[in-house]
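> Given chain B, put chain G in place with the hints provided.
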Amino acid sequence: MSEHRVAVAKTYKLYVGGAFPRSESGRSYPVTDHAGAFLANAAQASRKDARDAVVAARKAFPGWSAATAYNRGQVLYRVAEVLEGRREQFVSEVRAAEGAGADEAGALVDAAIDRWVWYAGWTDKIAAVLGSSNPVAGPYFSFSTPEPTGVVAVLAPQDSSLLGLVSVVAPVIVSGNTAVVVTSEERPLPAITLSEVLATSDLPGGVVNLLTGRTAELAPWLASHADVNALDLTGAPEEARTDLERAAAGTVKRVLRSPVTPEDWTREPGTARLRAHLEMKTVWHPTGV
Amino acid sequence: MVAPSTPSSAEAPGTPAPGPPPPALADAVRDDASLRRFLHGLPGVDQVGVEGRSAALATRSIKRASKMWAIDTAISMVDLTTLEGADTPGKVRTLAAKARRPDPDQPDVPRVAAVCVYPDVVAAAVDGLAGTGVGVASVATAFPSGRSSLQVKLADTRYAVEAGATEIDMVIDRGAFLTGRYGQVFDEIVQIKHACGDAHLKVILETGELATYDNVRRASWLALLAGGDFVKTSTGKVSPAATLPVTQVMLQAVRDWRDLTGELRGVKPAGGIRTTKDAVKHLVAVHEVAGPEWLTPRLFRFGASSLLNDLLMQRRTQLTGHYSGPDYVTVD
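So the sequence lines, in the order shown, correspond to chains B and G.
Going by the working numbering, 254 is the number at position 254 of the first sequence; the sequence numbering is gapless.
Going by the working numbering, 555 is the number at position 266 of the second sequence; the sequence numbering is gapless.
Here chain B stands alone, though its shape is the one from the complex (with noise of 0.2 angstroms):
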C-alpha cells in the first residue's frame, strides 16, 4: 500500500426518469467548495436535458399523481429513512458547500429530514385540511378538492443547498405534482447525493429530475416550455425573473414568486409553498331523490 492515496475525482451524472445520464451536451463544470478548492465534476445540462427532463416528469405524473395519498406518504418517508442513513455523506457535503461548521452542518442536515418527514405527513391531510364540501342553495352536494398541478419546475435556492432544496422539492411532490428541479449553480453536491437517495428509495423515475448546470441559461427553456404548468422562481437570478414571468405567461404558467433575498429555510415552512401547486376541483353531484 503506497502512503499517499490519489484521490478519486468524480464526475456526476444528471438524474432524469430515474436514471442518471450524463449531459446530452457533454458539458460538465467544476465544482468547488466555499473557499474554491476543486470538489468535484457537475454535468451540465442543456436545453434539451431540460427538455427531456420534462418529458420524463410528464410521463410520471399520471401514476405517481393516482396513487394514494398513503402511498404517496409512504414512499416519502421511506426517502427520508435514506437520507437519515446518508446523514455523514450530506453534512459533510453541506460544510464543504456552505462553509458550516460541523454543528451548524448536522443542525441543518437534520433539519432538512425533519422536514422531509414533516411534508410526508401531509399526503393524506392535504385534501382534509384544503378540500371542503360547501353550501349551495340547491338540491347538490358540492365539493371542493385539490388536485395536483402537474409538472413543475422548480429553481432551487442558490444558497442553501440541502435545506433549501428539500423545502422547495418537497412540498411540490407530497401532493402529485412531478418535479424538474434546476439545484443550486454553485453548490450542486448536496443535491445530486438527493438524486441518489431518491434512486434508492422508493419514489417511481421520473417524479423527481435533477438538473446540474447554469441556472440562467436552463430557466427560460423551462419558463416557455408549454407542457410544463407551474414555474417556482426560488433560485432564480434578480435580473431574469421578469422575463421569465413573461415567458411562463404566454403558456399560463402558475408562477411562484418569492423574495429575492435568501429565505431563512430553518423557519417553519407553512403550507403556502403546499398549497402553490394545487389546483381547486369543485364538482356538483345531485343528491338523492
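Hints should not be assumed to be uniformly reliable.
To be verified - Derived, one-sided and incomplete: chain B residues facing chain G with beta-carbon distance under 7 angstroms:
(1) R51
(2) H225
(3) A226
(4) D227
Think of the hints as simulated: they come from the structure by calculation, not from any bench.
Just so you know, these numbers come straight off a predicted model, no measurement behind them.
Each residue gets a CB set at the ideal place from its N, CA and C atoms; glycine is no exception.
Coordinates of chain G only, in the frame set by chain B:
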C-alpha cells in the same frame, strides 16, 4: 447490390397478373420452382452492415430550415391510422377532420397523405375526406393475421374498394411464406391486386414475424414481383414493428427494382414510429438508400397515429422557439 440472375428468355408468366412483370423477371415467376430459385438466389443481407448503417444514419442531426422541410414532408407522408376494435364512424370522422387540417392554428401545415381504417368504416372516411385529395386506405384480407380463405380475403378487398377506398393495405400469409409456399403467397397478392382495380395496393410483410432480414428481402421481392405498389413493414399489431434496418432492406429492394425495371414502387414503414426524430431518421435513410425521388408521399409513407401529434408539436417548436406540449394538439 441485389443482382438477380437475368433470365435468358422472356416468357409470358402463367399467372393472371394484371400487369405482367417486366421481361427481365418473367422467368422468376414462371412457376413455383423458379420463384423459389429466384428468391433464394437473392444475395443475403449483411446484418451487421445494415444495422451499422442504420445507426450511422441515425446520428445525423438536422436543424432549422432543413428540419422544417423534413417535418412538413413527413406530415404529408403520414397515413393517419386507426385500427382498433373500438373504432366508430364518429372517431373516423374526427380523424378525417384532423387529416384535412392537422393543425387548425396553422393553415399552412400540409395535409396528410391518407387515412387508414378498417373496411367497415371506409364510408365514414370517404365522407369526411370528399374533395380534399387525401386518400382513404383500408386494410383488408383478414387483417391483421391474414388467416382466412382466399375467397374471404377477396371479398374483404372488394368490400373496401366498393366502399370507396383508394388504397388497400393487404397482409401476406406469413404461415405460407415461412413454410416456403411462395407461389401461394404470390398468387394471393396477384389476385388481390386484381380485385383492387384502380386502388393502390400496399403489401404488408409483417417483418416482426419474418424473423430474418433475408426473409424481409425475399418477401419484398415477392411482393414487387406480384405487382404490389407499396411494400409495408407491419400491421402495427406485432412487436417489433418498423425498424430502421428493416425499412432499409425494403428500400434497397425498391431501388434495385427500379434499376432493373425502371418502375418506381413505394415503401411504408408502419408501427412504432412515434417521434419526429424517428421520422427524420427514416427520411434520411430514404434519401441515402433509395434516392431523393422517393421523398414524396407517392412513394414513401409513414403508417402512424401518434407520430402526427409529435410532428405538429415539433413544428410549433420550430416556429415559436419554445417547446410545445400535448395540451396544444388534438388528442384523438
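> Compare the structure with each hint and give your call.
Tested hints:
no.	hint	verdict
1	R51	6 angstroms, holds
2	H225	4 angstroms, holds
3	A226	4 angstroms, holds
4	D227	3 angstroms, holds
When the structure is compared with the earlier hints, no violation turns up for any of them.
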